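A.B. asks: Chains as they are written, first to last, in this note's numbering: chain A, 1 to 299; chain B, 1 to 263.
Everything labelled a hint here was simulated from the structure, so no lab data went into it.
Note that the structure is predicted; figures quoted are calculated from it, not measured.
Worth double-checking, as some hints may not be accurate.
Claimed, not checked - Simulated pairs of lysine-lysine, DSSO-like, Cα-Cα distance not exceeding 30 angstroms: (1) A/K238 with A/K259; (2) A/K126 with B/K15; (3) B/K198 with A/K130.
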Amino acid sequence: MVACIQVSKLRKRYGTTVAVGELSLEVESGEVFGLLGPNGAGKSTTLYMLAGLVAPSSGKITIFGKESRKNFLEIAARTGVLVEQPTFYNYLTARQNLLLSTRLAAREVTVDRALDLVGLLEAGDKKVGKLSAGMRQRLGLAQAILTEPELLLLDEPANALDPEATQDVLRLLHRLAEETKVTVVLASHMLHEVELLCDRVAILNEGRLVACEPVDALLSYNQSHVEVLLDAPEAAAKRLEEQNWVESVRVWPGKVEVKLLEPNAHQLTTFLVGAGYRIAGIIPRRRTLKDYFLKVINS
Amino acid sequence: MIARVLNAYMVELSKASRQALTYIGPVLVVLAVLCMPLVRRVARDGTSDYAFIAYATPMALNLLGLLVLLAYCASQVAAELGSGTIRMVLVRPLRRHEFLLAKLLLGMTYAVLLTFSAAATSWATVLAFGDLGGVSYGGEVIYTSGAMLTTYLVAAGLSLLPLFAAVAYATMISTFTRSTGAAVGAAVGIWLLVDIVKYPLRIAPLVFSTYIEAPWQVFANRCGGFEASWSPDALYGAATSAAWSTVLVSLAMLALARRNLNA
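Bound conformation, chain A alone:
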């Protein structure tokens, strides 16, 4: 895989506040890469530095193998950007806004295709001032994908969207990533959307990179957190709570949820069978990104 973005010792300071400190990472071509972090972690600042909207205090950004500041025009021509809470000229229609954007990009593209992809074709002739926040967000996405970019930089793409529209946008991004092999860098604090979309995530906290892992590895099945379907959950829970290798037990109708100190499900099943319980099934709990995120941030 070829690196689409290489960031080396990137730093951004606002006075004495360090927004991003010594950040180094690589994003491969065709990858959907998530930047996660709590508010103020430096995700948006990092994204804006990649987009050329914020100048780094120090460090180096290379995009498409070229130094970003010196080759801004070439990189911008191949990149689509969605900023957080995108704003448009309210006195123009959605279509007119996109037409101006294509003119600035000096590209001959059909605006209707982008409007159609984000589900705004019918609202294309409405003044932007009359669009809802969700529709403006989708227009922002239309503007980002308008010129069929090779790199998409998206800041909170599902911001202000209702659950249905969020699903639509996630599906669209997934489809674009699959079909066009566009490289996507997505900054978000919505763990669910990152989990659904991204191949790899970087977790930022207080401007520093605290983890950078493939999502699949993070979400692998967890042998120390299991659900056991059995005939007498309350009695079994009481017996399990007495064991020193069990961290915690929760009772649910028809099952118990057990957290083990060591990932040893075999010990658990041997114990329960030996105690005479009839086990209908054991389901390892899948980790969520939220679990991992909270663990990393708290540590």
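Place chain B on chain A using the hints.
C.D. replies: For chain B alone, coordinates are given in the frame of chain A:
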């Protein structure tokens, strides 16, 4: 770079043409000129009415027109910074100084539009209600109507240079703030302050706003049958305006280049 600036300028023109605010300035200037016959007589009485034109054009342009121009240009970049639309523009292959040059070109176009509005209305008023023969003294024609028109066009052309410097000044102020109100207030306020203190401080010859009337003064003198030359005041004004424009545009570029365009 030129192609990108022209492209951005066309985008700016397209945006401006769809804003009602753009048309308010020229309409106000036209109305101001149309009110001038109340204070300066125009009549078909056989005497030429160039004096009305010499009075009406600079009055409408350099008082009301200048305020409108300052307000219009001061709001340009500040409005984009305040609303965040500048981010939509600058993620496209367009450098910041190119965006600024497009805004300056828009401001200059607006200055030309205001000048044209004042000029066309002044001449139309005299054509409709007065006389436009040559300027004569003691029965002898000193300046023919053709010569007066030429003088007027040169005066209008030279008067645009201080106006372009005013565009650069207001645009520079505009890059310093995200608030349109603050930008307009600062642009007009500082302009008035400089106008008040430039004579006591004896810096008036160095300030371009001093020469804003100079080209029109030549036209006004010729209307009265006096010989008047463009040199030194009108030409010195042109040079001062060009020098200030260069300084102000450079400062504006520096200010915009240093801006962080995050939310």
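A.B. asks: Now tell me, hint by hint, if it's right for this structure.
C.D. replies: Quick rundown of the hints versus the structure:
1. A/K238 with A/K259: 14 angstroms, holds
2. A/K126 with B/K15: 16 angstroms, holds
3. B/K198 with A/K130: 48 angstroms, violated
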